[in-house]
Structure formats: structure tokens, C-alpha cells
Amino acid sequence: MSENANNGVMLKVQGATKRYGGVTAVSDISFEVGPGEILGLIGPNGAGKTTLVNMITGLAKPTSGTIHYNNTLLNEVPPHKIGAMGIARTFQIVRPFQNLTVLENVAVGAMYGAGGAKRSANQSFKKAEEVLEFVGLLPRKDDQADQLTIVGRKRLELAKALAMEPQLILLDEVMAGLRGSEVDDAMQLIRDINKRGITVLLIEHVMKVIVGVCQRVVVLDYGRKIAEGQPIEVMNNPVVIEAYLGKRFAKSQKQE
Amino acid sequence: MSNLVLIAAGIVLSLVASQRKNRTLGLAGLAGLGLLLIASPFVTENKATLIPIYIFGLAAIGWNIIGGFTGYAAFGQVAFYGLGAYAVVLFGSARRPPLSAASTASINDQTLGWPLPIAFIMAALIPALIALIIGLPVLRLKGHYFAIATLGVALAMPQVLSNIGCVGDERNPTFCVGLGTGLVMRPLAQDKEGNLIQLYFFGAILMVLAVAGLWFISRNKFGYGLFAIRENEEAAGVLGVNATLFKNAAFVLAAALTGVAGAIQAMVQNSVAPTEDSIFNNSTSLYVIVICLLGGTGTVWGPLIGTFIFAFIREVLEKLPSWFNNPGLLEWRDVIFGLIVVLMVLFLPKGVIQLVSNKGGFTWRIFTRNIRENSI
Numbered sequence: 001m002s003e004n005a006n007n008g009v010m011l012k013v014q015g016a017t018k019r020y021g022g023v024t025a026v027s028d029i030s031f032e033v034g035p036g037e038i039l040g041l042i043g044p045n046g047a048g049k050t051t052l053v054n055m056i057t058g059l060a061k062p063t064s065g066t067i068h069y070n071n072t073l074l075n076e077v078p079p080h081k082i083g084a085m086g087i088a089r090t091f092q093i094v095r096p097f098q099n100l101t102v103l104e105n106v107a108v109g110a111m112y113g114a115g116g117a118k119r120s121a122n123q124s125f126k127k128a129e130e131v132l133e134f135v136g137l138l139p140r141k142d143d144q145a146d147q148l149t150i151v152g153r154k155r156l157e158l159a160k161a162l163a164m165e166p167q168l169i170l171l172d173e174v175m176a177g178l179r180g181s182e183v184d185d186a187m188q189l190i191r192d193i194n195k196r197g198i199t200v201l202l203i204e205h206v207m208k209v210i211v212g213v214c215q216r217v218v219v220l221d222y223g224r225k226i227a228e229g230q231p232i233e234v235m236n237n238p239v240v241i242e243a244y245l246g247k248r249f250a251k252s253q254k255q256e
Numbered sequence: 001m002s003n004l005v006l007i008a009a010g011i012v013l014s015l016v017a018s019q020r021k022n023r024t025l026g027l028a029g030l031a032g033l034g035l036l037l038i039a040s041p042f043v044t045e046n047k048a049t050l051i052p053i054y055i056f057g058l059a060a061i062g063w064n065i066i067g068g069f070t071g072y073a074a075f076g077q078v079a080f081y082g083l084g085a086y087a088v089v090l091f092g093s094a095r096r097p098p099l100s101a102a103s104t105a106s107i108n109d110q111t112l113g114w115p116l117p118i119a120f121i122m123a124a125l126i127p128a129l130i131a132l133i134i135g136l137p138v139l140r141l142k143g144h145y146f147a148i149a150t151l152g153v154a155l156a157m158p159q160v161l162s163n164i165g166c167v168g169d170e171r172n173p174t175f176c177v178g179l180g181t182g183l184v185m186r187p188l189a190q191d192k193e194g195n196l197i198q199l200y201f202f203g204a205i206l207m208v209l210a211v212a213g214l215w216f217i218s219r220n221k222f223g224y225g226l227f228a229i230r231e232n233e234e235a236a237g238v239l240g241v242n243a244t245l246f247k248n249a250a251f252v253l254a255a256a257l258t259g260v261a262g263a264i265q266a267m268v269q270n271s272v273a274p275t276e277d278s279i280f281n282n283s284t285s286l287y288v289i290v291i292c293l294l295g296g297t298g299t300v301w302g303p304l305i306g307t308f309i310f311a312f313i314r315e316v317l318e319k320l321p322s323w324f325n326n327p328g329l330l331e332w333r334d335v336i337f338g339l340i341v342v343l344m345v346l347f348l349p350k351g352v353i354q355l356v357s358n359k360g361g362f363t364w365r366i367f368t369r370n371i372r373e374n375s376i
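The listed protein sequences derive, respectively, from chains A and B. Note that my numbering numbers the first sequence so that position 61 is 61, with each residue one more than the last. Note that my numbering numbers the second sequence so that position 2 is 2, with each residue one more than the last.
Among the hints, erroneous ones may be present.
Covered, in the sense of this in silico footprint (three residues per stretch, anywhere, with C-beta under 8 Å from a C-beta of chain B), are these stretches of chain A [claimed, not checked]:
| no. | segment |
| --- | --- |
| 1 | 70-80 |
| 2 | 93-99 |
| 3 | 107-117 |
Since the hints were made in silico from the structure, they are not lab data. Model, not experiment: these values are computed from the prediction. C-beta: ideal position from N, C-alpha, C; glycine also.
So here's chain B without its partners, still in its complex pose (with noise of 0.2 Å):
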């Protein structure tokens, strides 16, 4: 079946989940996702294309926890995407690459060789535990003071990463880290297609996860203090809100999911190295940012809608050019792409779930309304 044909039926099914009118009809929604998750890469043409749009996914939702409920709109994502890819190849399977072109006949197993759940947990924690280091002096900024901050981190983070250099004996060394050599993953599974379904399902899960994570935040306290010092940072601190500790733990939290969502791509690409083709892609920061807009930014469901929605422009863009038999069409696809996006950001700024508003069933009204404001 066409990925087109999934992803749509994602879109749809989780905006049926989001609404809050009808409760069967949720739970109905609800059970249809859990379905489309199960089978869809059973039903695919093309399973390598449908695990990016998890890996996304949950990028998005650790950014929603930093940036959509606390206000705080972080632009380095990437710098913890980078540090979970890393991490998950470094613990999971490090091995050394040959280090000159002579050399390259016998390359150098020496694994850290951790269980790959051990590595994954690193691959949340070392993100989680640098976001810390990074946010207590960031997150004192605010606005845009902030977003250019951690822009400057996610610059900073491959650079840093390919000067650390090898640990341990200089002959001998335990494992090495760097721009030169780079790591090389073990595949998960023997073949490519068990590889992938692997993935798929790892991805799915934990993206299940996250989103009943995000709700189960946004029903707490934890939750309402981070909502509070999104709307107004100030009065939540005279409501007894400490922001610092909250808004330094939505910061660690997020750099954890985004880290692992790095890690599942470096399980996907077998290889991790500080280059923008690599795994230190700045678009990937932009990305998350654009998938919680378009579904809707701090929700709870925005982020899932979003993803699907996201992953369905890409996918038509992806096959434009042959549909029209056009392949000049490829050169447009981020231009139309920037284009959509920032239709959908000025005809619905609260993303597509205001489409299905908390009082009524589905409705238009609200898109025909911004049209009809912004275009005097």
C-alpha cells in the first residue's frame, strides 16, 4: 500500500483521537491508530521511508515539552539529536573505523559492546545530562536571546564532538571519537527488512510513549507549572512556581526523547559522524519546530498530527516530480515545502487541531475566519 495512503489515514485518525466531543468516537480513533501502527509496515511499499517519520515524531514531542509548553522555542535540537546518535554507537557498538587508508583491512573491533538497551538509555541520558550543563546558564535567556543561544549550541556540538579525540592508551586506544574516523553501528538484525522492522516498531513504541507522556504531563502539576511560566513567567514565580528547576527539567526531558530519536536514526544510517550529511543536520532543529506548528504547539496531540501531516507534504513532494514526469519539479520541492508551511503558519497559528475545536466536531470556520482577517 501507498505510504501516501498511511500516512493520510494518520492524519486522520489521530485528529479524531485529538477531539474532545465525543468520547467513543475518540477511543475509536484511538484503537485505529494503535491498528495503523501495527500494520502499516506489513502493508507498505516501503518501510525505510516510514521510520523517519517516528524519528521525527518524537524529536517533536521532546521539543513540544521545551517549546510548546514552556514557552521556551529551542532552535539546536539537533546538537541532542546529535549526542543520542552518538551515545546509542558509541555504548552499543563502538567501533574503530580504520584510522588511515592503509589500515583499512583490519578494522579495529574494539566495542564498548553494551546490551542496546543499556545504549539507549545512555543515548537519553548524556543528551539529558549536557542539556542540564547547557540549560542553567541558556535558559536565563528569553525569546529569541534563547532560541539564538541553543542555535549556537547545536553549531558548537559537532565541533566539539570531533576534537574529543581517543580514550584510553594512544597506541591502543578503548574507542575514539571524531570528525576524522567517525563510529560504524552493528545492524541490529542479519537482514535488512528484520533490521527495519526492528526499528519500525522501537520507533512506534516509544513514540506511543511519548505521547501518553505528554499527556500525562499536561494533567499534572508538573504540566500546569510549565504552563504558567510559558504565559507569564514572572507571575508563576509569585504563584510559587519554581521556574528555574521546571523549566531546566522540560529542557533535560526534551533533549532525552530527542536524543533517543537520534540514536534510532543512527541504528537506521549504521554510522554516526559530526557532519551536516551525517547526523548534525541543522534542518533537523527547524523540523520539530515546523512539525509542532503545523499540528499545533503545546498540545498534546499537535505533535502526532503533526508528524503526520508533516511526513505526508514531504511524501508528496517526494513523488511530484513523478507524477508530472518532471524531474526538474525535485529543485522546488523545499520551496514549496517553505511555502506550505508558512501558509499553514498564518491561516492556522494554532495548528491543524483547531480544525477540531473542543466544542464542536469538525470545522473549517476557523481557517476560513484567518483568511479572511489576513488577507485586508
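Isolated chain A, as found in the complex (with noise of 0.2 Å):
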């Protein structure tokens, strides 16, 4: 296995900082996610987990620290490359192509992800039609983009990013806007892409999902690491309490 080249480590972030200007968004983080692994990414709104997705996926350069992807150094790859070697990501934001039908939103992922060097344009359709299939969107494959509730949207941007065939994908809060039933539905789906053999790094502000489906998770305030460890643990420490609830109710939960 070529795991054992890289001592059961798929991505490896070291002392990753970005500062803008004088802004630092995130600062000396540093954590590893091993292959077939899913980690939860928390944190408070502001903490930085956008931006160290954007450095992961090469949409940001760090300032200092490095990050490494079966050791292969990151940092000064550009998106594209980042893409075909394996690593998807969903925005939090989502970013349809809004003129393209849903179907063809998808293709693209399949022409120029991971798996779309050896594919023709029609083989990546096909493949596009799976994926859809797979998330629940193939009903509305030709429905232009901006069609799709927001609900839509957040599965399109998983669909497409799972149509690139990645060893490793970002999700960045894929659930936000759904309501309970959608989120139990979405909880399925990420188990279901793990269990394809993707590694997964969920960034999540639902908790129920990030204990539900997360072996282990990091948690960031203020661009800072505070807490790593499993779901629970990491719930109970007190300093995560303060960071997401404030230092007066981290108070009152001590003293009962």
C-alpha cells in the first residue's frame, strides 16, 4: 500500500499561518489526517477555517508553515494542479455555474478532476449522471443551476466535487440551511462518500453532525488551534464551551 509511505498520513498541515495585512486569519496550525479518516473542523464564525481550506486547496498561499499532501509539498501548487492530484472541496458560499444545466456543472468536475485526464466529454456526462445519481440530483440534471433551492445547490457543489474522483475532499459546511430531516439525510451521505474510500475533513457548525459522523475533530478560534481530539471529549472541554458560548456560561457550567 502507498499508505505506508507516508506513516498513515494523507494531509499534513505544519504551522500553517496566513496573515492579510495586518490581519492574521489563521496562526501556526497544525494538524494530520490520515487516509479513510473523517475529521470534523469546528469553530466559532471568524476562526478561520475557510481560510485554511483556501490554503489547502491553493486558492490562498500560507505566509510561513507548510502543508503537505502524501508528501507532496502544497504551498506553491496552483488549484488546478491541487485538483487533479486528489483533493475536492465544496465553498461554503456555493459557486454553481449558474448559466450551465446541473448536469453539465457536474461533467466538469469529471473532465478536469482527478479521474478526468483519460475522459472524453461524453464518458464525463456519464459519469456526471452517476454522481447526481448518487447525491439525489439526477431528476433535476437539466435544469440550469440557478434553478436549484439552496438546498440544491449545497448538494450540487458536493456532487461536482465528488465527480472529480478525489482520494480527499473539503466540505465546507455543507449543511448550513438545512433543516432537521435534510441534515440526517446529509449525515448519510457523507458516511456514504467515506465509505467509497474518500477521506473526508468536514468543517461543520451543526454539532449533532460533527458527532455523528466525525472520528476526530480540531477545533479553531481566533485562527488559533484549542482543542484537538474525539467529538465528545473536545465537547466537554471547557475551553471550547467559552470559545462558542462565552466565558460566563463555561462559568456557570463548571459550577454545576
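Mind docking these for me? Both chains are given alone in their own frames, and the hints should help you get the complex.
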């Protein structure tokens, strides 16, 4: 197995820091993702989660620190090459190709992702249909992407990423705006994706999801890593409670 | 037969060919278009006014690749139009015109004199090469910044050309390119009629090939890569589309087509000079965009439909003064033209092709709906 060469590490972030002028969005963050894992990445708004994902996918260059994927340094690699190397992502603020159909949107991922080089346009459309069936959007394949509801658009984001046939998928708040039963469906979807052998880095606000699907969680606050561990353990960590719900609430929790 | 009738037939047939509801009807439209293209020069009242239709059409199809498919609104296509014109004359028939009035009597005929097909290939290659050099920095800009940069390139191009002097020995140069001199083209055929027929078919065939090229691109991975860049460049990159490579390729392709269009224009007018009234008319940059807007930007058939509509409007405006027996109307030509363009863009922003939607046949609904929504 090639994993042996990586010592069981697929993605390795070491001391990643991103500064925008005087603002430090992400500060000295290190963590690892093993192959086959579902790792949660949580933190309050503005904690630096999306910046971190941007750095991993090449949309933002780390100011310092390194990011390795299967032992390849990603710092200077442009986004399209990272995509072809097998890392896919969704955007928190969805970015559908509005004037293309749902099927065409997904086909672009199939054409240019990790499995795209060997595929013709026609084969990519077939692959896209497969993926749409998997995420449950097949009935809407001929609709324009901008006709989808927000839930549909989130699914479309997911389908585009999956069509790339990634080894590692970064899901940036795919649950935001979903209702109870929809969240359950989406959680099952993430488990199914993982069962296909895809490693998942899940960025999420909804705690239920984190506890439900993640094996391990990394918590960010103000651009720093404040905790790491199993979901239940992390959620009872006073530092994490304080970051999420404020000092006063953390204190009252302790007194109880 | 009146050109107006031929052009109107072009509009109808290209609309019929573009609709996807009825395949047989589409093929019939295609056949009709072919017939129209072949028959036109023999039945027309004026061949000379038919050729510019294809020249603008070719350049508009070029613009559609970068502006329509890729979403980069290039505003200076005349730069490549002029380069192509220069290239074909330079390589195909580079005569050095008299340098001074005194030497008018003896035109120094030092032609490069390459065969015309090769000269035309140069008319595609040279603009393509320059587009690559310009595109690498300029395509880093987006939106109106990109538009302004390309406009700047177009304004600079004739200045650059006019400052390129003579190549070779100073007394007896191989050839000269210059504002003062310009270049003269040797006509294709002995008689004017034969010349026009050859140019007509050359332009028409190239335009048919260019539309076929658009169709091919729009159904291939390359085309979908361009569409993705147009819709959201960052998201396209994350999906694995090499945006830098693709948009440069699109820009280069557009420049090559525009260059060939310019080359045909150079053959029509038999000379080129880096001036507004010769080949570097900035309206050309605008016209290619207007054609695409009229027909339908970013579609396969849009530029062709737009080409015919554009020609139709111009032809009507040309004839207005004589119809109404009022020469003063000629001065209003550009005003009326501008007004029509504004109204079309306002009420049919996706072009006339919108009227033959994918699902149904011909429908005015989109048009009337747009009017209703805009009138409030």
C-alpha cells in the first residue's frame, strides 16, 4: 500500500499561518488527516476554517508553514493541479456555474478532476449522471443551476466535488441552512462518501453532525487551534465551550 | 436581388438552423443557409457589400470564443484585425510604395510574394503570437480592467506598427512597414468581379468553418473548461481547470480568427495603413461585440445570427435616405443604429437566439416579458 510511505498520513498541515496585512486569519495551525478518516474542523465564525481550506486547495498561499499531501508540498501548487492530484472541495458560499445545467456543472468536475485526464466529454457526462444519482439530484439534471434551491445548490457543490473522484474531500459547511430531516440525509451521505474510500475533512457548525459522523475533531478559535480529539471529549472541553458560548456560560457550566 | 432580401433570408435560416426542437427543420435550415451562401453572389445587386458581412462575422465568431465562451470582454479586437491585414499584405504582396513624391513613377516592387494561402496562415499566426504575448499579462485582469487594457492595446497597435521602419539594407530595404508608406496589395484576379467572387467564397467558407469550430469547441472538454471559467474562475480552478492556459488559448484563437477577417478586408481594399480610415477603425472592436450581443453571446449560432441582423440593420440604415428621399437621414444613421442596439440589449439581453428557445419553437414571450419587466 502506498499509505505506508506516508506513515498513515494523507494531509499534513504544519505551522500554517496566513496573514492579510495586519490581520492574522490563521496562526500556526498543525494537524494531520489519515487516509479513510472523517476529521471534523469546527470553530466559531471567523475562526479561520475557510482560510485553512483555501490554503489546502491553493486559493490562498500560506504566509508561513507547510502543507503536505501524500508527501508532496502543496504551498506553491496552483489550485487546478491540487484538484487533479485528488483533493476536492465545496464552497461554503456556493459557486454553481449558473448558466450551465446541473449535469454540465458536475461534468466539468468529471472532466478535469483526478479522474478526468482519461475521460472524453461524453464519458464525463456519464460519470456526472452517476454522481447526480448518488447525491439525489438526477431528476434535476437538465435544469439550470440557478433554478436550484439552496439545499439543491449545496448538493450540487458536493456532486461537483465528488465527480472529480478525489481521495480527499473538504466539505465547507455543506449542512448550513438544512432542516432536521435534511441534516440526517446529509449525514448519511457523508458516511456513504467515506465508505467509498474517500477521506473527509468536514467543516461544520452543526454539533450534531460532528458528533454523528466524525472520528476526530480539530477546534479553531481566532485563527488558533484550541483543541483536538474525539468529538464528545472536545465538546466537554471548557476552552471549547468558552469559545462557542462565552466565558459566563462556561463558568456556569463549571459550577453545576 | 436586393441584398436586404438575402440578408433577411440569412436571419430566418440561421434562426431555423439554431433551434433544437425539430431536428429535420434544423437540418433544412442548415441546407438553406448553405444554398443561400452559394447562390448569393450570383443573384445579388452588389457583391461588394456582401463581403463585409463575412468579415465581421468571422471576427465576431472570434470574439465569441474569448468574450462569449470565456467571459473576458476583449474591447480591442481591431488590434488583431489590423495585424492580420498587415500580415497578409506583407507576406502575400509586399510592395514598397513610393517613399517620396519624386519617386512615384517607379514603384519598387520588392514583394515577399509568398503564396496567398501561406500569407493567410501568417495572417492567423502573427495575431495569435502577439495575442499570446499580450494575453499572458493582460488576462490576469478581470472585468472592466481587462476591457480597458485590451482597448489600450488596440490604441497602441497602429502607433507601434507605424514606428516599425524598414527591414534590410537602408538604401534598398527588403520591405518597409510604416505610417507614411502603408502597403499595397496585388489584386487576386485581373477583373474586379472575379476578385470579389473569390473573396466572397473565401470569406463564406471560412465563416462556415468557424461556426463549425464553435460548435466543436462547445461540445468538448475545452469548451466546458471555458464555460466554467466564465461562470466562476476560482471554482473552475478548484475543479481542475487550468484557467491561465485555457483563457490564453481562447484569446489566441480569437485573435487568429480576427486576424484572418482583417486579412480579407485588406484584400478587399487592396491596401493597408495604420490609420483609422484604413484598417485600424476602433468601431470594428465594438461591432464584433455588438454582433454577438444581437445574436446571443456565448452560443454557437449567436454570432452568425447576429452577423445577419447587424448587416440587415446597416443595410436598412444605408437605404433610408433614398427611401424617404431625404439625404439628411444619412447623418442620423449612427444614432439610429445605437438606439437599436440599446433597445435590443435592454429587452433581449441574451440575443435574438433567445426567441427560439430550446424547449419550444419561435416565441415572443421572452421579448414581451422583458419589455414588461423593464417598463416599470
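Against the structure, the hints come out as follows:
1. Closer than 8 Å: that is the beta-carbon criterion, and the segment 70-80 of chain A has 3 residues meeting it against chain B, so the requirement of 3 holds.
2. For the segment 93-99 of chain A, the stated coverage by chain B is satisfied: 5 residues place a CB nearer than 8 Å to a CB of that chain, which reaches the threshold of 3.
3. With a threshold of 8 Å between beta carbons, the proposed coverage of the segment 107-117 of chain A by chain B holds, since 8 of its residues qualify and at least three are required.
This entry satisfies every hint, going by the numbered hints stated previously.
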